[in-house]
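Each protein sequence line maps, in turn, to chains R and U.
What the first sequence shows, in my numbering, is residues 1 to 408, in sequence order.
What the second sequence shows, in my numbering, is residues 1 to 408, in sequence order.
In case anyone wonders, no lab produced these hints; they're calculated from the structure.
Computed from a predicted model, the values in this text were never measured in an experiment.
Warning: the hint list may mix true and false statements.
[To be verified] Examples of chain R residues lying across from chain U (beta carbon under 8 Å, computed): (1) V210; (2) F215; (3) E245; (4) A281.
Heads up, the beta-carbon is just placed ideally off N, CA and C, and yes, glycines get one too.
There are 2 protein chains.
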Amino acid sequence: MDLFFILLVLLVATRTFGEVAERLGQPSLVGELIAGIVLGTVAAQYTDSFPQIAGLGQSPVFDTITDLGMFFIMLFAGVELQPNRLIEYSRGAFAVAVMGMILPMGLGIGLGWAFLPASDAFFAQTLFLGTALAITAVPATVRILMDLGRLESRSGQIIVSAAVFDDILSLILLAWLTAMIGADPASGFAFGPLALKVLAFFAITITIGVFVFPFGGRFMRGIKQREFEFSALLVAALAFSVLAELLELHFIVGAFMAGLFFGRKTIDEPAYDDVRSKTSAMTFGFLAPIFFASVGLNLDFSAVLVVPAFVAWLLLAAFVGKFIGAGIAARAIGLTRPEAAAVGAGMSARGAVELVIADIALEAGLFEVMPGSAPVVEHIFSAVVIMAVLTTLVTPVLLKRIYAGIPP
Amino acid sequence: MDLFFILLVLLVATRTFGEVAERLGQPSLVGELIAGIVLGTVAAQYTDSFPQIAGLGQSPVFDTITDLGMFFIMLFAGVELQPNRLIEYSRGAFAVAVMGMILPMGLGIGLGWAFLPASDAFFAQTLFLGTALAITAVPATVRILMDLGRLESRSGQIIVSAAVFDDILSLILLAWLTAMIGADPASGFAFGPLALKVLAFFAITITIGVFVFPFGGRFMRGIKQREFEFSALLVAALAFSVLAELLELHFIVGAFMAGLFFGRKTIDEPAYDDVRSKTSAMTFGFLAPIFFASVGLNLDFSAVLVVPAFVAWLLLAAFVGKFIGAGIAARAIGLTRPEAAAVGAGMSARGAVELVIADIALEAGLFEVMPGSAPVVEHIFSAVVIMAVLTTLVTPVLLKRIYAGIPP
Numbered sequence: 001m002d003l004f005f006i007l008l009v010l011l012v013a014t015r016t017f018g019e020v021a022e023r024l025g026q027p028s029l030v031g032e033l034i035a036g037i038v039l040g041t042v043a044a045q046y047t048d049s050f051p052q053i054a055g056l057g058q059s060p061v062f063d064t065i066t067d068l069g070m071f072f073i074m075l076f077a078g079v080e081l082q083p084n085r086l087i088e089y090s091r092g093a094f095a096v097a098v099m100g101m102i103l104p105m106g107l108g109i110g111l112g113w114a115f116l117p118a119s120d121a122f123f124a125q126t127l128f129l130g131t132a133l134a135i136t137a138v139p140a141t142v143r144i145l146m147d148l149g150r151l152e153s154r155s156g157q158i159i160v161s162a163a164v165f166d167d168i169l170s171l172i173l174l175a176w177l178t179a180m181i182g183a184d185p186a187s188g189f190a191f192g193p194l195a196l197k198v199l200a201f202f203a204i205t206i207t208i209g210v211f212v213f214p215f216g217g218r219f220m221r222g223i224k225q226r227e228f229e230f231s232a233l234l235v236a237a238l239a240f241s242v243l244a245e246l247l248e249l250h251f252i253v254g255a256f257m258a259g260l261f262f263g264r265k266t267i268d269e270p271a272y273d274d275v276r277s278k279t280s281a282m283t284f285g286f287l288a289p290i291f292f293a294s295v296g297l298n299l300d301f302s303a304v305l306v307v308p309a310f311v312a313w314l315l316l317a318a319f320v321g322k323f324i325g326a327g328i329a330a331r332a333i334g335l336t337r338p339e340a341a342a343v344g345a346g347m348s349a350r351g352a353v354e355l356v357i358a359d360i361a362l363e364a365g366l367f368e369v370m371p372g373s374a375p376v377v378e379h380i381f382s383a384v385v386i387m388a389v390l391t392t393l394v395t396p397v398l399l400k401r402i403y404a405g406i407p408p
Numbered sequence: 001m002d003l004f005f006i007l008l009v010l011l012v013a014t015r016t017f018g019e020v021a022e023r024l025g026q027p028s029l030v031g032e033l034i035a036g037i038v039l040g041t042v043a044a045q046y047t048d049s050f051p052q053i054a055g056l057g058q059s060p061v062f063d064t065i066t067d068l069g070m071f072f073i074m075l076f077a078g079v080e081l082q083p084n085r086l087i088e089y090s091r092g093a094f095a096v097a098v099m100g101m102i103l104p105m106g107l108g109i110g111l112g113w114a115f116l117p118a119s120d121a122f123f124a125q126t127l128f129l130g131t132a133l134a135i136t137a138v139p140a141t142v143r144i145l146m147d148l149g150r151l152e153s154r155s156g157q158i159i160v161s162a163a164v165f166d167d168i169l170s171l172i173l174l175a176w177l178t179a180m181i182g183a184d185p186a187s188g189f190a191f192g193p194l195a196l197k198v199l200a201f202f203a204i205t206i207t208i209g210v211f212v213f214p215f216g217g218r219f220m221r222g223i224k225q226r227e228f229e230f231s232a233l234l235v236a237a238l239a240f241s242v243l244a245e246l247l248e249l250h251f252i253v254g255a256f257m258a259g260l261f262f263g264r265k266t267i268d269e270p271a272y273d274d275v276r277s278k279t280s281a282m283t284f285g286f287l288a289p290i291f292f293a294s295v296g297l298n299l300d301f302s303a304v305l306v307v308p309a310f311v312a313w314l315l316l317a318a319f320v321g322k323f324i325g326a327g328i329a330a331r332a333i334g335l336t337r338p339e340a341a342a343v344g345a346g347m348s349a350r351g352a353v354e355l356v357i358a359d360i361a362l363e364a365g366l367f368e369v370m371p372g373s374a375p376v377v378e379h380i381f382s383a384v385v386i387m388a389v390l391t392t393l394v395t396p397v398l399l400k401r402i403y404a405g406i407p408p
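Working from the sequences, and respecting the hints, build out all of it.
Laid out in structure tokens, this is it:
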């Protein structure tokens, strides 16, 4: 694979479209997604002329680059956020997360009931639609809030905390789903072990973050090697990511937790600002644009042409479910009406985590086309990808409008 | 591949060994190489326990990470160096480069004559040995000089310029070698087209660097996107790397040239310092240690056991050839005796470029073991790898001693 060529094309395209988006008053993330959609559409039309771009979806090397992108986005979000403020809002955020999952989940199952034909896979497919709608993409949401400068606002912190809870809940849903798709339907789904793993992950990372990080910070003052602080942050984030994967959680949760406990008090203030600015360069200057372009690259419009009604209902369910579910919960925990609207809109972005889950379902054979099966089954994957990209695209535009009415 | 686990292990090992090396008064590069050797040896012994590390040599994903490492090392070296000072020394450096290649090349061919059995591949194998000894590894040399704080000294600039010339000359040698290994020995080697390509590369990059970069710097002042300057440097380096590959040069030459023309005058001074420090973090805090560990990981000791005399002669030729060849040229262009010794020692590191070339020869079938072929043919590859790692390991130790006697 022509790595440098691909990185060059994606970086030029995303930064150009990002600048256009900013000049039009939109977050640059919108431009980056559109850059990916444009490149993907052009490459799909002219596969022979752009073989490098057209083949990216199947490239493990490119997957590595986008994984590193997610890793840095979550790490930087953690570095930006203050753990004590997250804890302060966590009870409310949990309510937002749960309500923001139940309603879209119900809508997804309803849609499945209405559109999908009866088959052996019917229940699993329906559950997949519910899961697909229930997800909130943490990296996308965090990036949008950072672009708008609202990450550290009250609603911003609630959105991020709720999105992290959502992420964990959706991983539990995914585990349930994959257990259902699996060969033996009688074995059922063991909720207990998974919940234990989630608890173990947070117990370990919080303990290390609170007790070991400050110790490590003091230890580092004696080290003279170049860029040691930056390496130390990476080592912590990599270690937490490996731990998350060992416990069957997504690695982004690990990167986020490592960043969260790396604060002004861990090392001295100038060193903190230095490491923060270097992490920001890697994220916004290199890997994040490429990651968001990759979300856009995956867009496949076929479902719009074949099953337009299904796509329309799916999109409606995606927005209404999150907006009303999370919004009502936000009102209930005492946020103002515009803040609640911001929370409702902010939880709508599905981003790339959705694509990961859709991919797992696809590979598990959930959408296998049987003779005589309905076209809707054949196009569930495309419809879900369209939903993921569009929600990620529309969320920043919506949020910008809503935040225009809320004083910083 | 368990990307995060591998990055974690390599980063912890390299930074730990690097710190030990510094405490023992050696450059941290030495520690990073040893970390790679230790990990590689342990993983080779216990393949089942460490499948992730043992399989790294065959992983395209890990190759991508090490390619990015080389890219950032060369980019940062370019950013650190001043083009006008390099030009000032370039005539002398060219003499050093040519003399520093001819002698080791001759010694390599002599060794081939003495040790290799007659066969159809004899001439190509002999030429390979000559090429292998003639190479200087730019990334390794640059890193050593940076570790020692001598990159901007007179001898440092000569070493780097000569190493860059060497790199280009050895690519020409490599092209000749691969043409010889290729199917049709009658077609010969066309020197003309390759020389034209080299000229075209420098004409294009220098023109862009001198005339377009300052224009781009002024243009960027109007851009408000986050981390745009860092992206702009990456885009320039990626574009030059792609150009280099199109013209059949190694991409590191492109990354280096892009860094070289990115100076204090391209953008304003604070922005330059900011981008420089961010590139440094990516290089020294993340990718360079992993790259140097990968050089150590490749070590395969089998040749030491089977053909020890050949390995000993190869090592002797590697050091003596470069030290005397480049050293005499350095004296001839007016350097002091200790400076000439520094140049001679500094040009000895072969690093990973050697491994790349050895790999190309291996894949082209140059060391194919025929029935009844000599054990030395079977172990040329291992011997060359040992030579590459040991020269890279010993060079910083030697250079540190020599520079101790030269006032900064």
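Checked hints:
This hint is violated: V210/R has a C-beta 21 Å from the nearest C-beta of chain U, more than the 8 Å allowed. Because the smallest distance between the Cβ of F215/R and any Cβ of chain U comes to about 17 Å, over 8 Å, the interface hint for this residue is violated. Because the closest C-beta pair between E245/R and chain U is about 7 Å apart, less than 8 Å, the hint holds. With a cut of 8 Å, the hint placing A281/R at the interface with chain U holds, because the nearest CB-to-CB distance is about 4 Å.
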